[in-house]
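So the sequence lines, in the order shown, correspond to chains D and B. So the first sequence is residues 1 to 484, counted in the UniProt record's numbering. So the second sequence is residues 1 to 418, counted in the UniProt record's numbering.
Errors might be hidden in some of the hints.
[As the list claims (entries may be wrong)] So these bits of chain D aren't anywhere near chain B, every CB distance computed over 10 Å:
1) L51
2) A66
3) F168
[What the hints assert, rightly or not] Restraint-style ranges between C-beta atoms, simulated for each label pair:
4) B:I130 with D:R478: 24 to 30 Å
5) D:G40 with B:I130: 41 to 47 Å
6) B:I246 with D:Q20: 56 to 62 Å
7) B:P72 with D:G40: 55 to 61 Å
8) B:G68 with D:V132: 41 to 47 Å
[Claimed, not checked] Computed footprint of chain D on chain B; a stretch qualifies when at least three of its residues, placed anywhere within it, have a C-beta under 8 Å from a C-beta of chain D:
9) 123-131
10) 305-312
11) 384-391
Simulated from the structure, these hints should not be mistaken for lab results. Just so it is clear, CB atoms sit at the ideal spot from N, CA and C, and this is done for glycine as well.
The lines below spell out each chain.
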Amino acid sequence: MSELHAQTVPFVRDTMLPQQPPPNRETGALHWLRANLFSGPINTILTILGLLIIWFLVSHFWDWFAHSVWNAESLTQCREIIAATWGEDARGACWAVIRERWHQYMFGFYPRELYFRPIIAFGFLFVALAPVLFSESVRIRRIVLIVAAAATLILSVMVGAPLPWLVFAAIVMIGAVVVAERNAPWLLIFSALYPLLGVWMLWGGSAWGELSVLASVALGWLAWRLSVRISPLIAVIAGVAVTLALLLFVAGDAAEDLQSLIPLDITAIDSDQFGGFLLSITIGVAGIALSLPLGIILALARRSDMFLVNKLAVVFIEFIRGVPLITLLFVASLLLNYFLPPGTNFDIILRVIIMVTIFAAAYMAEVIRGGLAALPKGQYEAADALGLDYWKAQRLIILPQALKISIPGIVSTFIGMFKDTTLVVFVGLFDPLKGISDFVRANFAWKGVYWEPFIFTGAIFFIICFSMSRYSMYLERRLQRDHR
Amino acid sequence: MSDITAPAQPSFRPSMLIYDRRYRSLTIQVVVFILVMAAAWWLVGNTIQNLRAMGKDFDFGFLWSRAGYDIPSPPIPYTSNDTHLRATIVGLLNTIIISFLGCIAATILGVAVGVARLSNNWLFARLMTIYVEMFRNIPLLLWILIIYAIFTEILPAPSAYRGDDPAWSMILFDNVALTNRYTAIPTLGLTNDPGELDLGARILIDWATIAFAVVLIGGWFVRKAVLAWAQRTQDRTGDRPTTWWINLAIMVVPSLLLIWYFGLHLIPPELKGFNFGGGLNVQNAFVALWLALTLYTGAFIAEIVRAGILAVSRGQTEAAYALGMRSNKTMNLVILPQALRVIIPPLISQYLNLTKNSSLAIAVGYMDLRGTLGGTTLNQTGRELEAIVLMMLIYLALSLVISGVMNIHNNRVKLKER
């Protein structure tokens, strides 16, 4: 065989050829252009179309951006400056309106000397969120906490926060950084207290109101703790009953008595002084925090095999999803007077938060139901086989996986809800897009200023929503447990 | 062998209502039922008490009284002397019109952008990504306001089109004029008008419209029959007759005949005095809302389409090529049926969102359902409870109809598993 082979093959190379550089057209900028922009007739047309779009945008807007005016007292003055500097026909952006009115876009009609309160409350929000949102990575949590602490303190100093508040904020935030390094789960205590602290810092008034709510919850927990030995069910009923009874009948009077005994109050702010992004973020954060648990309960109810519970959940979810948010907001502003006992009149922001929460929770329930349905049946059966009861199975096996699957949907519901907070303008609140902008334009000096406020508020919304969606991508990657 | 007996069932004790899984669900349902009924009783009781205290009643009689307000360019004849009911119907029709046109335009835009984002043209894919992210992350209200402001602030008054050397000129071959009050578009005219069909309640439908509808729907059924015939022939002989020209002819030729018979032609808008006449003047509130809804929802649909196409694994394409299919057949017979299964359910919810978002017409003053029933009618009659309840029910019915229709469609295109 080998002899034959030796005879039939005329030439066998016994050395390797030296490697040669690739042909010119395989690498480099020219190749990239050819492969990515001009690989065929359709691609070339698309490239030209894209270039035309860019040219159109730049040629129309570049002048306008380049001729920006930052210092002026009115739109007329802006136009005069632009005409004087760049000629009569020049068009330019009058960013002076943002410079003059930024505080209204940010804080609405909150008293100027108290701006530090929302700022510190917003900084604390990161401390409260850090153990929940960034529990997976120590490094990222550290960066978030340190940046939040530094930014909060610097901003508070810039808006002229009084020394005691600065010290308070510094202690909490630096303390949080230290605690996070030592024993991060302890931060969850702060997360649990944050809703009351945040409400007190934003609306002000007597701290005894919040403290009495806290005491009611603590006493309810105590009742649960004492009776849990007897029977878990009685314990839950006792805990809820004690909390509700204290909240409804005792807390209000106790808070007033204590306030007259030991005054513990800061300047109270009315809800109609809220506005701008302060309002959007307040409604958004409250809605997000409340709609997730409500959505989980609704999703579980809709998957329940109890006929009545299931049907009630279906009707509720489909009704809420079937009507526009605006109509629900109208219900909040016009119809709640009909549904509540005569003489009840509660805060419009609270009403809006309730409606936004209900609205988002119905969507959330559908997203989570998708996650629950996507879970293999084996997981449910495994939980049963281990002898776990319903709530233990949900808490330990089903929900952690189902929520992980539904993270993209949950976050896009959050983003949608945050964008929808702008609709509060139609029930008379001052949202940053339309409410505050209309208010600014109502002043003669800024009559007719449209584009600058649109761009400013749009950019802030974009930054917040875009970072939320990026965060959900990060979370998805972090939580990925399956091997690919 | 008969000494193995089932353990004796324990007799029923009240504590089993809580601790026995068989009875616990019953207990829970009874408790839930009582709580819900108590809440409903409380709410209804409060409402009755409040209504009595305000001296009002719960009565929809106001729908039959005179509305007394005008609605610009109503889709059915309407004057301020008509009833609130007719105003409500006009508003509902406006909502349906803007939702329908918005859904169609958003689908076209979304599919185009979704495919473009997957194109291997680096520049164009990046531009489309920027568009999608911009519109997805900024509230719809801002887009509506911006587009409306562009119309009202930048575009000229109709008088700018006047004179021998006008400051502005009409676009699209002198067919469309953009002004700060309305967009003038051409309208359709007939030289041989067969008159109108009176449906009662002053609603008239042109016979020509009916003729076109009949021809198109009839053509659709004939086309289905032709396709069935082609399929039968293919099953019998193995050769599929070429049908595309038959189908094209079925759809096009009768329409062309009708166009020739009725003398259908475009009437472009013309400047008459201070305003455009001849054509159709579409109010800018409508155009701005439609554009904003289209661009906003289009961005979401683009992401859905992209995800749907990416969900079909590349092996499917390669398998189709290996079977010798050409690329359009691969797309129609292999990729699309699988992608549609992923695309259609979220697409339905985008259509629903668009319909509900059309209630943002309040920002530009377009008289949709919320603008008529939930706006002027509510303010004039002071019947908040009735107006809002009715409005919510109508929106709910609209949503259920859309999701019902789309679910039927979804069940037909869905891949049959098992």
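So, going through the hints one by one against the coordinates:
1. L51: It is violated; L51 of chain D is separated from chain B by about 7 Å at its closest Cβ, not greater than 10 Å.
2. A66: Given that every Cβ of chain B is farther than 10 Å from that of A66 of chain D, nearest at about 19 Å, it holds.
3. F168: 35 Å, holds
4. B:I130 with D:R478: 24 to 30 Å: Holds, since I130 of chain B and R478 of chain D (Cβ atoms, about 27 Å apart) stay within the stated range.
5. D:G40 with B:I130: 41 to 47 Å: 23 Å, violated
6. B:I246 with D:Q20: 56 to 62 Å: 58 Å, holds
7. B:P72 with D:G40: 55 to 61 Å: 49 Å, violated
8. B:G68 with D:V132: 41 to 47 Å: 55 Å, violated
9. 123-131: holds (count 3)
10. 305-312: It is violated: at least three residues are needed, and the segment 305-312 of chain B offers just 0 whose Cβ sits closer than 8 Å to chain D.
11. 384-391: holds (count 4)
In this structure, the earlier hints numbered 1, 5, 7, 8 and 10 are contradicted, and the remaining ones agree with it.
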